[in-house]
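Visitor: Starting from the structure of chain S, add chain E where the hints point.
Chains as they are written, first to last, in my numbering: chain S, 1 to 113; chain E, 1 to 115.
Honestly, the hints are just simulated from the structure, not real lab data. Treat the hints with caution; some may be incorrect.
To be verified - Keeping only pairs whose Cα atoms sit at most 30 Å apart, straight-line, the calculated DSS-like set for lysine-lysine is:
(1) S:K52 to E:K73
(2) E:K55 to E:K102
(3) E:K70 to S:K22
(4) S:K19 to E:K107
(5) E:K102 to E:K73
(6) E:K96 to S:K19
(7) E:K102 to S:K19
(8) E:K102 to S:K40
(9) E:K70 to E:K102
(10) E:K55 to E:K78
(11) S:K22 to E:K96
(12) E:K73 to E:K96
(13) S:K18 to S:K40
(14) S:K52 to S:K36
(15) E:K78 to S:K41
(16) S:K36 to E:K102
Next come the chains, spelled out residue by residue.
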Amino acid sequence: ETGVTQTPRHLVMGMTNKKSLKCEQHLGHNAMYWYKQSAKKPLELMFVYNFKEQTENNSVPSRFSPECPNSSHLFLHLHTLQPEDSALYLCASSPSSTGVGYTFGSGTRLTVV
Amino acid sequence: AQTVTQSQPEMSVQEAETVTLSCTYDTSESDYYLFWYKQPPSRQMILVIRQEAYKQQNATENRFSVNFQKAAKSFSLKISDSQLGDAAMYFCAYTKMGSNYKLTFGKGTLLTVNP
Chain S
1 ETGVTQTPRH
11 LVMGMTNKKS
21 LKCEQHLGHN
31 AMYWYKQSAK
41 KPLELMFVYN
51 FKEQTENNSV
61 PSRFSPECPN
71 SSHLFLHLHT
81 LQPEDSALYL
91 CASSPSSTGV
101 GYTFGSGTRL
111 TVV
Chain E
1 AQTVTQSQPE
11 MSVQEAETVT
21 LSCTYDTSES
31 DYYLFWYKQP
41 PSRQMILVIR
51 QEAYKQQNAT
61 ENRFSVNFQK
71 AAKSFSLKIS
81 DSQLGDAAMY
91 FCAYTKMGSN
101 YKLTFGKGTL
111 LTVNP
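In isolation and in its complexed conformation, chain S is listed as follows (with noise of 0.2 Å):
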């Protein structure tokens, strides 16, 4: 256990359903992440918060609806995915300077069928 926690673990969903990833972390980090990891590519960046405040949309698709309520907790809420959307969604968070690096929760491991 890191300190980043995410549910559930593992999620099969059809392609017109709505689902909610969820991600906590009580480190007292100010920034929050989510990434998207699929097979053979780099580690994709979709969003970043910073207090509470989107700071960041990487081009991601409006299927995928981000919800950062305080700085410990983050939501990605799913809505008409495509099968191209199966991959391991990664949350992480940091203190406000760069330089430390990530934590990193264990990931969601999304199927959409």
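Guide: The following block gives chain E in isolation, referenced to the frame of chain S:
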């Protein structure tokens, strides 16, 4: 845009031996940080080591050390006395200072440790 390249998709090493994983990056910045992350089958990304670009001294963490060549934009990871628990995907990552906290990752190198 910054890019990070890991040219070795897979590497293997005998237990107790030494292995070096390669990483190069492209940036026009002078102030930045570099990282190596480890991702075992448990999927947990774990920070192995970090390097500040303004420091000439190579970072070291126990059996892990880096060879940071700023002019060549190279950042290799050396694992000494390899252990079975070192088997994992290793990712090199870069962030520039004041970059909205974004890390750019390479594609990773899968390290196998043979007993």
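Visitor: When you check the alpha-carbon spacing of K96 of chain E and K19 of chain S, does it fall within 30 Å?
Guide: It is violated: about 34 Å lies between the C-alpha atoms, which goes past 30 Å.
Visitor: Taking only the CA atoms, is the gap from K78 of chain E to K41 of chain S under or equal to 30 Å?
Guide: Judged against 30 Å, a Cα distance of about 23 Å means the pair holds.
Visitor: Are K73 of chain E and K96 of chain E close enough, with their CA atoms no more than 30 Å apart?
Guide: 13 Å, holds
Visitor: Is the Cα-Cα distance between K52 of chain S and K36 of chain S 30 Å or less?
Guide: Distance of about 20 Å is within 30 Å: holds.
Visitor: Holds or violated: K18 of chain S and K40 of chain S, Cα atoms, limit 30 Å.
Guide: Since the Cα atoms of K18 of chain S and K40 of chain S sit roughly 27 Å apart, the hinted pair holds (cutoff 30 Å).
Visitor: Against the 30 Å threshold, does the CA-CA distance of K102 of chain E and K73 of chain E hold or violate the hint?
Guide: 19 Å, holds
Visitor: Sort out whether K102 of chain E lies within 30 Å of K36 of chain S, counting only the CA atoms.
Guide: 14 Å, holds
Visitor: Verify the proposed pairing of K102 of chain E with K19 of chain S, using a straight-line Cα cut of 30 Å.
Guide: Cα-Cα ~26 Å, so holds.
Visitor: Quickly compare the C-alpha distance for K55 of chain E and K102 of chain E to 30 Å and report which way the hint goes.
Guide: 21 Å, holds
Visitor: Keeping to a limit of 30 Å between CA atoms, is the pair of K55 of chain E and K78 of chain E held or broken?
Guide: Given pair K55 of chain E, K78 of chain E holds - Cα atoms ~18 Å apart, limit 30 Å.
Visitor: Take a quick look at whether K70 of chain E and K22 of chain S sit within 30 Å of each other, Cα to Cα.
Guide: Given pair K70 of chain E, K22 of chain S is violated - Cα atoms ~39 Å apart, limit 30 Å.
Visitor: Assess, step by step, whether the Cα of K22 of chain S is no farther than 30 Å from the Cα of K96 of chain E, and give holds or violated.
Guide: 28 Å, holds
Hints 1, 3 and 6, counting from the list given before, are not met by this structure.
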